[in-house]
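Enquirer: Just so you know, the protein sequences line up as chains A and Y, in that order.
For the record, in the first sequence the residue sitting at position 66 is 500 according to the numbering used here, with numbers rising by one throughout.
For the record, in the second sequence the residue sitting at position 526 is 960 according to the numbering used here, with numbers rising by one throughout.
Hints listed in this document are in silico derivations from the structure and should not be mistaken for laboratory results.
Any given hint could turn out to be false.
Any copy, or any two copies together, can satisfy a pair, since identical chains are not distinguished.
Quick list of in silico lysine-lysine cross-link-like pairs, DSSO-like style, CA-CA up to 27 Å [stated by the list, open to error]:
1) 912 x 862
2) 993 x 862
3) 482 x 697
4) 837 x 862
5) 968 x 912
6) 836 x 862
7) 482 x 450
8) 837 x 789
9) 742 x 718
Number of protein chains: 2
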Amino acid sequence: MSVKAKAIYTFRSENKEEISIQENEELVIFDENSVDGWLQGENSRGEKGLFPASYVEILRRRSDSNLTDSSASPAGSLGNDSPHFPSTPNNNANATTAATTTSFLPHQGYYDDDDDDWDDWDDSSTVVEDDDEHNHHRRRSGGGGGGGSGAIGIGGPNGHARHSSDPNNPNVHYRAKPRMERQDSISSARKGSMVGRNLNRFSSFVRSGVEAFVLGDVPMMAKIAESYTIETGPRGPQWKESPRPFSCSIEDPTKQTKFKGIKTYISYRVTPSHTGGAVYRRYKHFDWLYNRLLHKFTVISVPHLPEKQATGRFEEDFIDKRKRRLILWMNHMTSHPVLSQYEGFEHFLMCVDDKQWKLGKRRAEKDEMVGAHFMLTFQIPNEHQDLQDVEERVDSFKSFAKKMDDSVMQLTHGASEMVRRHLGEFRKEFHRLGGAFQSLSQAFMLEPPHSSEPLNNAISHTGRTYENLGEMFAEQPKHDLFLMLDKLSLYQGLLANFPDIIHLQKGAFAKVKESQKMSDEGKMEQDEADGIRKRCRTVGFALQAEMGHFHQRREVDFKDMMQAYLTEQIAFYQRVVQQLERTLRMYDSL
Amino acid sequence: MSVKAKAIYTFRSENKEEISIQENEELVIFDENSVDGWLQGENSRGEKGLFPASYVEILRRRSDSNLTDSSASPAGSLGNDSPHFPSTPNNNANATTAATTTSFLPHQGYYDDDDDDWDDWDDSSTVVEDDDEHNHHRRRSGGGGGGGSGAIGIGGPNGHARHSSDPNNPNVHYRAKPRMERQDSISSARKGSMVGRNLNRFSSFVRSGVEAFVLGDVPMMAKIAESYTIETGPRGPQWKESPRPFSCSIEDPTKQTKFKGIKTYISYRVTPSHTGGAVYRRYKHFDWLYNRLLHKFTVISVPHLPEKQATGRFEEDFIDKRKRRLILWMNHMTSHPVLSQYEGFEHFLMCVDDKQWKLGKRRAEKDEMVGAHFMLTFQIPNEHQDLQDVEERVDSFKSFAKKMDDSVMQLTHGASEMVRRHLGEFRKEFHRLGGAFQSLSQAFMLEPPHSSEPLNNAISHTGRTYENLGEMFAEQPKHDLFLMLDKLSLYQGLLANFPDIIHLQKGAFAKVKESQKMSDEGKMEQDEADGIRKRCRTVGFALQAEMGHFHQRREVDFKDMMQAYLTEQIAFYQRVVQQLERTLRMYDSL
């Protein structure tokens, strides 16, 4: 039965089987039940094909449609035809190749990861990135990762082009198709499972390993050292607090040089509170860590790093901005019960020895508990949760995240415009007025016997005061709006991950329904169906814990943000009043 | 001997004998000694002819020039070829016609000045005037004046187009040629005086009657009821204070209708302090008074009335603005020792009876002591003033007035732009930010169990606060910048008159030099030359008294203006602080 739906995000087709949909476009869905998180349907231009279920909203039922899922292509026809996939030798292993990989072992062969031999892209790249306050954030492949057959270049999780604007309509933003691709993009095609694999092998559901996990393709290991507990809190499932919470400062960005000054880079002093020992890290070390996090942590929203660089990237303003944003990023890391306990993170925070650093890096890169395997590390409550309820909660969060994303965008836009006015028109007009007052005072000075010097001085002082107010207006964003924009940028990054994460849960859900149907029809053992349901519960609990964590941080962060902003605004306008009062007093004695 | 000079104002030629000069243009002056306030020279485009001496600044001597004043045309060739002169029947009497008029008697024949029969241009005209904050102020002929052969339509003293902008360069303003033309533009060609008449019969020097006065063409009357004393004050000559100073309020602009509502007009309650009795006056009554003032008061700067009207002229803002500016105009009138004692002004302030009103108006229109004759009313100190010193003082004032005019223009521009920003960008950006905060709060409300209602309320309240700040910014100019602009507009009007007034003195001075030379050469009786010198002293004293009055008022007015502005600015930013503080407190309890 076909139904009507509306696209709530823009999705750009990147494969033959997929069709592009535009935000707000009306669609016809051939079957309301998504397959692995994908729906089949027709867009308003008559194109038929697949698009992510989490990108659309079902509108209402339509009866009497005779369209069915007839346009599906065999998964085997999917090739690496996306121009977005890196084509370096390391990345020849595309999804179909990966489907023949039997296990996740990224560490065949020796990988020369000598620190100083790394491509020094951080400091020498001349790529100019869009440095505006929006969330343009381009990830690139590289920065570690084993060289084995299972290795695939790591693409960032849909940070890319997320907020690229339609050049014809500045209000239209689109989300790029999920481009996350991991070493653990395992297909279990070799197994004879009866539940169908995803048609689209580029689906984040597949690539994240969640499909493999839910279908039971990932063997439970005898002994898992890593374990993250999800408990039931007053507001629902939550990550169990880390047994040793800590914070971490980032200070003192310092320009360093190497190769006799040919290359320069910025080094930050990073000091975790629980050790108190400082380590010095470069942006590329952060970036290495970030890529490890993307690689490992399924269903967790890893915020993107601040913008890599801009032209004039070592200018003071840029360095300061990146430092502020690294601090926020670090705060989110240390606040997160799962991320903060990651061994690779610990290594990043504590290692001071060069040799140990390389060893620790290699260890992190050989970590087996990534992607699908990472799902095995969760301890979930025994409490029964109706899957329907979970889905409703996720849907509610999805609406919330969409609305919050829009609002954050709106506020980012408003704050950026306000910054522009402060630096531009406001400064200019106060200057202009100040200059005119001074000019008036100069005119009065031309006829000394007829004019009072104190009045001339007072007017001249008023002129300087207004020029000064202009400078104060131009300076003020550094004290308030910039900090607001930093936090909004962090949240844009966090929110940008949720559609994909929600997509995982939708995919898991679809597998449960499918397997139950097969079990009901006697085509699958009940045991296997129960296993799928159980693993889907794990996905649901993890997602809810992550949603809960997001909310908890959001409350704190936005309260802080608003208080800090208002406090600075008050201080600013008080300074304006003080300046004006001092000036007015000059007229009192006249 | 020719010299170089620079134009300090733009002057537009309106007669064949004149040439146009541009501000800052370099000129060659054929003879440094101006004739009746006019210089002969050549502009940068090679055009040769006359331009007002007060519009240029001599740069340095040039030797070896063989150019002399060869391009002068006989005065008789000057015709009414200016498109700016009204061509209504009443105005056919142009300057050359006026030159044959033997005496100043404007009141031949009966003039029907019934109030309600006046052209109701004030209330029904659809002429759209430029209503910006600059000094566009267009005067028109009419509004009283006798119908006799000597009557010439009254043009405003160079208010017209004074600050019209060059469309190609918004920074270039030009002064229109003096366009004052009065009934007393008497030529004394009939007299055999040896001192030459002005070549240019449109010169304000001629038209104001000052030439006639200086040359002794105006017979001293046996008994002059009117008398204004110039005394020597601490800063030089000054008008003797009025024996009965008073102020006058203008209140309660009220829309009135007549002809069964077909015509509407605004009536103001005008209450002079020395009688305490209210009279009701319309704009056209102010305009009648203004034209009487222009007609009578030579060497006194009569400020122009506020803009006549704009589209939507009866909108509250316009009515309010006109009222405020009429009040400032009135304050200048009552502050002026000469203007405030004018009989016609007294009539305007006190007459309540319709019939008396008409009689008083006719009496004022028949006043003989206008223009050249008005000069006879001055009582000057016996103190000797070296004419050279007077000229230096006038030159100093001329530089000052030019600089002050520029500054007032600059400040007007700055304040107008600030108004525009307050109503535009400031309001818009605060609104935008406020809307974004509210949107954020709405997003948070979508997940009730996960969000704190007090925080959502606080953020929502912050949003409303910022929207409110936007409104406050948009409202604020009413409390400060508008009032500043009112005062600046008054001063633009006052300053605009000075080049012409200074031109009168320059003309008088030239006559003294000319007559002394003739006397030295035995071509003129020393008595006659002494008379010219004596009358020139009167002009000099009157001008200095007027300069002094201007300075005295300026000190008071600009001090008041600055204090009022700063006081309002402080109050405004304090209100901003209070709003923000109230808002911040909402977060305290969270």
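Enquirer: Taking the hints in turn, state whether each one holds.
Expert: The hints, checked one at a time:
1. In this homomeric assembly, residue 912 and residue 862 come within 27 Å of each other (Cα to Cα) both inside a single copy, at 18 Å, and across copies, at 21 Å.
2. For the homomeric pair residue 993 and residue 862, the shortest alpha-carbon distance between copies (25 Å) is at most 27 Å, but the shortest distance inside one copy (33 Å) is not.
3. Taking identical chains as interchangeable, the C-alpha atoms of residue 482 and residue 697 are never at most 27 Å apart, the minima being 52 Å within one chain and 69 Å between chains.
4. In this assembly of identical chains, the alpha carbons of residue 837 and residue 862 lie at most 27 Å apart only when taken from different copies (23 Å versus 36 Å within one copy).
5. Taking identical chains as interchangeable, the C-alpha atoms of residue 968 and residue 912 are never at most 27 Å apart, the minima being 51 Å within one chain and 69 Å between chains.
6. In this assembly of identical chains, the alpha carbons of residue 836 and residue 862 lie at most 27 Å apart only when taken from different copies (25 Å versus 38 Å within one copy).
7. In this assembly of identical chains, residue 482 and residue 450 lie within 27 Å of each other by CA distance solely inside one copy; the values are 10 Å within and 82 Å between copies.
8. Neither within a single protomer nor between protomers do residue 837 and residue 789 lie at most 27 Å apart by alpha-carbon distance, with minima of 48 Å and 75 Å respectively.
9. In this assembly of identical chains, the alpha carbons of residue 742 and residue 718 lie at most 27 Å apart only when taken from the same copy (9 Å versus 70 Å across copies).
Violated hints, in rising order: 3, 5 and 8; the structure is consistent with all others.
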